[in-house]
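Novice: Here the protein sequences come in this chain order: A and B.
UniProt numbering puts the first sequence at residues 1 to 329.
UniProt numbering puts the second sequence at residues 1 to 329.
Careful, some of the hints might be misleading.
Any copy will do: because identical chains look the same in the list, a pair fits if it lies in one copy or spans two.
[What the hints assert, rightly or not] DSS-like mimics (lysine-lysine), calculated; alpha carbons at most 27 Å apart, straight line:
1) 94 with 247
2) 70 with 29
3) 171 with 94
4) 35 with 94
Hint data in this document are derived by calculation from the structure and do not stem from the laboratory.
For clarity, every value in this text was computed on a predicted model and none was experimentally measured.
Protein chains: 2
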Amino acid sequence: MDSGTENNQIEEPESKKQKLSNSDEKTRKTFEGAKVVSILNNKTTQKCLFLHGKFEDDKEKDAVFILERKPFDTKTEALQELLSDKTKLTSDLKNDIYSTFSALPSVQNDIKATIIYPASEKHLRKYRKQDIFVVKETKEDYNMITKPYVEQQFVDKIFNIQWVYNILDHKAEMERIIFEDQNEETGFVLLPDMKWDTKDADSFYAIALPRKRGLKSLRDLDESHVEMLKNMRSKSLAVIADKFGIKQDRLRMYFHYQPSFYHLHVHINHIELDLPGTGALRAHLLDDVIENLLMQGDYYQRKTVSMTLQDSDKLLAAFRAKENNVSDV
Amino acid sequence: MDSGTENNQIEEPESKKQKLSNSDEKTRKTFEGAKVVSILNNKTTQKCLFLHGKFEDDKEKDAVFILERKPFDTKTEALQELLSDKTKLTSDLKNDIYSTFSALPSVQNDIKATIIYPASEKHLRKYRKQDIFVVKETKEDYNMITKPYVEQQFVDKIFNIQWVYNILDHKAEMERIIFEDQNEETGFVLLPDMKWDTKDADSFYAIALPRKRGLKSLRDLDESHVEMLKNMRSKSLAVIADKFGIKQDRLRMYFHYQPSFYHLHVHINHIELDLPGTGALRAHLLDDVIENLLMQGDYYQRKTVSMTLQDSDKLLAAFRAKENNVSDV
């Protein structure tokens, strides 16, 4: 999941949606009784660890522990306390003006811990590291595998984009709309992504949803949509500069392929935001899409599109079942 | 900098290249006497903080302090000690099966600290956060701004790729070569990137350098280079599968634009590696480049290429000087 707005499509346990409840369970003061079963994932760059565990008093039930180091507190006093004689240093290396140490500060040592208990198999699956694979989707693969797969998911109501139609029809989230162009052919709705708090302009993140229905992804785009795409680009940039003071040279505008929901949408976010869905194997810049369509009207019907799919992704299973994705180079 | 191999081009203070020296200075046991001057950068996702500081005993000199939280130690005993009654929890939120805490562990609290002292203005500049800007380089911009800029840098010997020719001519790094195809038109040298320890296949990172000279970047590629690119792709994939057991569906192959040195080169790395240079605004997939050239022979001479440039980048200054990069949308 890259976008909160898109979460609507993803199953969440009902319980998460409940209001804060008074639990019978006493609030834990320590991890007493916790036992590590296995490491689900270890994101070393982010310093975040996902553990499968149990509690001694009920070994039938599972728990998920998420431990994450906190960013440094940069308040002046906190910083100066960190950089003081209270921080013990053990030298690792000294080379001229460069020295490295293992440092043990007396402050700023707390981490963020999340416990999910009791956790279902679904939770364990959600947090367990998934291998990812690069898949090259040729035009034939799209027509033979991806398109039928997506359509079947709609038939089976596994993909449901009613929430998008609710936004377009003003049945939901109307108060969140940043800007709207009501033209049925070229119009769109611009609204904040769920991940954005709508306060801090430096973490600006919005989604532009075309009013036009039936466009599932960039695979459906041809030269007839250039006017719509240009309209979405220019009006979004103008309103974002006007309302939030962010110029176009500080914004990224792109499609995901595969998208996480199949109503075409443009991600617009601040260039300084460090987001996982902005890699070359997932993000297709709006500017490039427009220019490719102008160069070659059926570019996205002809193009082999490379993408990554997770091990557990049913689309990957569909590719593997056809066994035609092992295209020779 | 994304690639160690590319470091050859970047100026490093001579001192860094010296062997480990015995310093007169006593090894520090704490940060005693350190004073925070300012925050140079705060990478919250990576939990890494860059500070400009001074030491009380010599306020004329500057210091750079780099503080980084360590990844969790996942050895079984270390994990179990973390998940024990020795870790104090303060409840932040409780909602049904979900609880979040601020946790203070008694172990695994050390961080990695680097001190550069005395630090030059160059060091401060290196670590100070740079704003980045999205620049759309049209074909005219390339011909009028980028190409003359790059050529002038070669004339002024600011860009120097002698080290690449030393590799191609077997005058340097010969023992590091993974594979070589000596054809002068389609051949190339494959060698590990400096960042790769050449041991752990999961962090595989290599660079493929064509033998053909004069290709500065993907802007110079046309249909006449497709054979070379396909050759680099197929032979690299074959040798990587053979020597390192990594299949093509676990690899990313791409060019950077702008590159950090101007002899064409392909980055090849393991898909699980979390690398900054793989974003859609920098990385151009080799497969896409080949296909675009097959669709349209002069694709990369015609294409507007979006890229990010840092505030301090002289190329950005060149774009701004021409004032023609504020292209209307």
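Novice: Against each hint, give a clear statement of whether it holds in the structure.
Specialist: Now for the hints, and whether the structure bears them out:
no. : hint        : verdict
1   : 94 with 247 : neither (45 Å within a copy, 40 Å between copies)
2   : 70 with 29  : both (19 Å within a copy, 25 Å between copies)
3   : 171 with 94 : neither (64 Å within a copy, 31 Å between copies)
4   : 35 with 94  : between (40 Å within a copy, 21 Å between copies)
In terms of the numbered hints stated before, the structure departs from hints 1, 3, listed from lowest to highest.
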